[in-house]
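There are 2 protein chains.
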Amino acid sequence: MNRYRRSLQVCSTWVVLLFAASHAAAFDALPDLPPAPTDNPVTADKVALGKQLYFDPRLSIDGTVSCNSCHNVMSGGTDSRPTSVGVNGQRGGRNAPTVWNAAYLTAQFWDGRAATLEDQAKGPPLNPIEMGMPSAAAVVERLNAIPGYVEQFKHVFGGDNAVSYDNMAKAIATYERTLITLNSPFDRHLKGDKSALSAAQKRGMKLFADTGCTGCHNGANFAGPTTLPVGQGFYQKFPTYPSDYDKKYGLSEDKGRYESTKNSDDMNMWRVPSLRNVALTAPYFHNGSVKTLSQAVRVMAKVQLNKTLQDEQVDDIVAFLNSLVGEFPVQSLPRLPETPNGSLVGAIK
Amino acid sequence: MNRYRRSLQVCSTWVVLLFAASHAAAFDALPDLPPAPTDNPVTADKVALGKQLYFDPRLSIDGTVSCNSCHNVMSGGTDSRPTSVGVNGQRGGRNAPTVWNAAYLTAQFWDGRAATLEDQAKGPPLNPIEMGMPSAAAVVERLNAIPGYVEQFKHVFGGDNAVSYDNMAKAIATYERTLITLNSPFDRHLKGDKSALSAAQKRGMKLFADTGCTGCHNGANFAGPTTLPVGQGFYQKFPTYPSDYDKKYGLSEDKGRYESTKNSDDMNMWRVPSLRNVALTAPYFHNGSVKTLSQAVRVMAKVQLNKTLQDEQVDDIVAFLNSLVGEFPVQSLPRLPETPNGSLVGAIK
Numbered sequence: 000m001n002r003y004r005r006s007l008q009v010c011s012t013w014v015v016l017l018f019a020a021s022h023a024a025a026f027d028a029l030p031d032l033p034p035a036p037t038d039n040p041v042t043a044d045k046v047a048l049g050k051q052l053y054f055d056p057r058l059s060i061d062g063t064v065s066c067n068s069c070h071n072v073m074s075g076g077t078d079s080r081p082t083s084v085g086v087n088g089q090r091g092g093r094n095a096p097t098v099w100n101a102a103y104l105t106a107q108f109w110d111g112r113a114a115t116l117e118d119q120a121k122g123p124p125l126n127p128i129e130m131g132m133p134s135a136a137a138v139v140e141r142l143n144a145i146p147g148y149v150e151q152f153k154h155v156f157g158g159d160n161a162v163s164y165d166n167m168a169k170a171i172a173t174y175e176r177t178l179i180t181l182n183s184p185f186d187r188h189l190k191g192d193k194s195a196l197s198a199a200q201k202r203g204m205k206l207f208a209d210t211g212c213t214g215c216h217n218g219a220n221f222a223g224p225t226t227l228p229v230g231q232g233f234y235q236k237f238p239t240y241p242s243d244y245d246k247k248y249g250l251s252e253d254k255g256r257y258e259s260t261k262n263s264d265d266m267n268m269w270r271v272p273s274l275r276n277v278a279l280t281a282p283y284f285h286n287g288s289v290k291t292l293s294q295a296v297r298v299m300a301k302v303q304l305n306k307t308l309q310d311e312q313v314d315d316i317v318a319f320l321n322s323l324v325g326e327f328p329v330q331s332l333p334r335l336p337e338t339p340n341g342s343l344v345g346a347i348k
Numbered sequence: 000m001n002r003y004r005r006s007l008q009v010c011s012t013w014v015v016l017l018f019a020a021s022h023a024a025a026f027d028a029l030p031d032l033p034p035a036p037t038d039n040p041v042t043a044d045k046v047a048l049g050k051q052l053y054f055d056p057r058l059s060i061d062g063t064v065s066c067n068s069c070h071n072v073m074s075g076g077t078d079s080r081p082t083s084v085g086v087n088g089q090r091g092g093r094n095a096p097t098v099w100n101a102a103y104l105t106a107q108f109w110d111g112r113a114a115t116l117e118d119q120a121k122g123p124p125l126n127p128i129e130m131g132m133p134s135a136a137a138v139v140e141r142l143n144a145i146p147g148y149v150e151q152f153k154h155v156f157g158g159d160n161a162v163s164y165d166n167m168a169k170a171i172a173t174y175e176r177t178l179i180t181l182n183s184p185f186d187r188h189l190k191g192d193k194s195a196l197s198a199a200q201k202r203g204m205k206l207f208a209d210t211g212c213t214g215c216h217n218g219a220n221f222a223g224p225t226t227l228p229v230g231q232g233f234y235q236k237f238p239t240y241p242s243d244y245d246k247k248y249g250l251s252e253d254k255g256r257y258e259s260t261k262n263s264d265d266m267n268m269w270r271v272p273s274l275r276n277v278a279l280t281a282p283y284f285h286n287g288s289v290k291t292l293s294q295a296v297r298v299m300a301k302v303q304l305n306k307t308l309q310d311e312q313v314d315d316i317v318a319f320l321n322s323l324v325g326e327f328p329v330q331s332l333p334r335l336p337e338t339p340n341g342s343l344v345g346a347i348k
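Line by line, the protein sequences are chains V and D.
For the first sequence, numbering that gives the first Met the number 0 begins at 0 and goes up steadily by one.
For the second sequence, numbering that gives the first Met the number 0 begins at 0 and goes up steadily by one.
Any given hint could be a false lead.
[Stated by the list, open to error] Using 16 Å as the maximum straight-line C-alpha spacing, the simulated EDC-like pairs for lysine to aspartate or glutamate come out as follows:
#1 D/LYS290 <-> V/ASP61
#2 V/LYS290 <-> D/GLU326
#3 V/LYS290 <-> D/GLU337
#4 D/LYS290 <-> V/GLU337
[To be verified] Listed next, the stretches of chain V that the computed footprint assigns to chain D, with coverage defined by at least 3 CB atoms under 8 Å from CB atoms of chain D:
#5 59 to 72
#6 104 to 110
#7 286 to 292
#8 317 to 330
Hints in this document: simulated from the structure, not taken from any laboratory.
Where is the CB? At the ideal position from N, CA and C, for every residue including glycine.
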């Protein structure tokens, strides 16, 4: 991690130039399967369990918030809001990242503080302004009170402690590894379909590389190398160049990775987000301050590359980014296991 | 309506006795199809559109609440809470009724103030503590900003004003007419399957009739006659008999149908709710004050029939009520139409 992080921090411009030279043409199609940890292989039954958990609002203290509330797989994998709303109407501080293709990232959360999908999934249930459960033990107690979950956990994980917070996270992560969008126009183009991209999208693809966007948004997921070791995030300072946008959109207010590490090297450092399906994940940036993709492109060129794009250039890049919208797999609606004759959540008033 | 309402109000005990005599054995299986208005026939495309709308949180002002948030079709069709949570963390005043088999009811809402599913669907989006949209026009404006909806509304409804609040409600109601649970153990029993019910369930079925529960909970939906004209609700005063339960659970605080009609005859009158899937819709009553089905049975016997049930009797009736859980149809997860490059909902902070 150090090699990447330090180089990005100390001389981000250098790195941009370096990547622009070496990776400008290095576009990759999304692999058909994302990686999975050896201790958590993907199985159909685990996916089915994880999907139920993902959609289950009983993982929140008052039964109102599920994973899907903020990372809606019926749409672009986000909640379309600047920042999310958790239990008791509380507002989160950062824009919900899309769950689609998160399985290809080498670190999770905007600040990369979770190494894996498994680690990530353990965060929101216990976050007081997200799902608000008081402890992992309280979550496990609730799962143990739902016979359909107990049965599935035993079947999927086996052993005496099948129903555990870690196994809950493993199941959710496994479901998330199925949330991938293959076969976008861009991918079809890379595989030889000459009609997959429009003329504007092709111009945008070239502009995207020539402008230097590929300096960070490279690799199959447009989020940096997918070959980094698990947990080694690909970070960048944001904003890098000063501009009026900084104040206008409050871009520097959140100190990014520094907030979790308290290491001054991490000040305003962020994990480079994927651009897959970015057309469907407005509003933009870690604080959701920018409402449209065209403005996001304009701001990025200025604050990361110190370039001012013309409107036509912005339009072409936006057209290209729309070619990164993949195909969303057809899924069945899960049925959540019941607790007959009583409810686990909520109190009067 | 008058005949039913007046008789129920003026001499509810009489009616209970009358129904107990004439309907005690009149159990009906759920019809395979619920009724639909002649001006809103069920079509596959309309169901598909209505399903998307039902799951779409963009029908709420801040993009956090969909129909499904409170009437969760992944479970018992409710939110498992005493009262629901709407936009900005606001609490509603009544327990969310289940959407499952609502299509068989002759009037909607706890107080029957909506005649049809179509009428009902127009309520929550504009309710300030539910979905909080400022006006029907604001909802239509949002629908018109979503190309995938405009296309489907035109296809399904045709005409120049295809995208309308009324048509939105028609589509949602049409989807809801598919939310029925056939083939419960009870229904299978009625159709001749001698092994469908356990011994306890059979005892409970007899007790349910002998106690007088069938006085109101009769008909295929256990919510009164399904043959009443559309809009003619089947009402009952609740609580009817005084008891300590009234104060303990605040049963009389909400004045029921009176709150919407301001007619003193409607004081504490409520539409008789269905008992289909009641085992999956805890907590119970209009205010969600009772946590378990066994306690709900105990309270109902006392406050509606002035009877005190023994624990064994309660257990048997609960067993019988569990036989009313039907089969939930397998559904696909909808994909919500997108607004590429921008979001329709939410503002910073």
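Cross-check of the supplied hints:
no. : hint                  : verdict
1   : D/LYS290 <-> V/ASP61  : holds (14 Å)
2   : V/LYS290 <-> D/GLU326 : violated (44 Å)
3   : V/LYS290 <-> D/GLU337 : holds (15 Å)
4   : D/LYS290 <-> V/GLU337 : holds (15 Å)
5   : 59 to 72              : holds (count 6)
6   : 104 to 110            : violated (count 0)
7   : 286 to 292            : holds (count 6)
8   : 317 to 330            : holds (count 6)
Hints 2, 6 from the earlier list are contradicted by this structure; the remaining hints agree with it.
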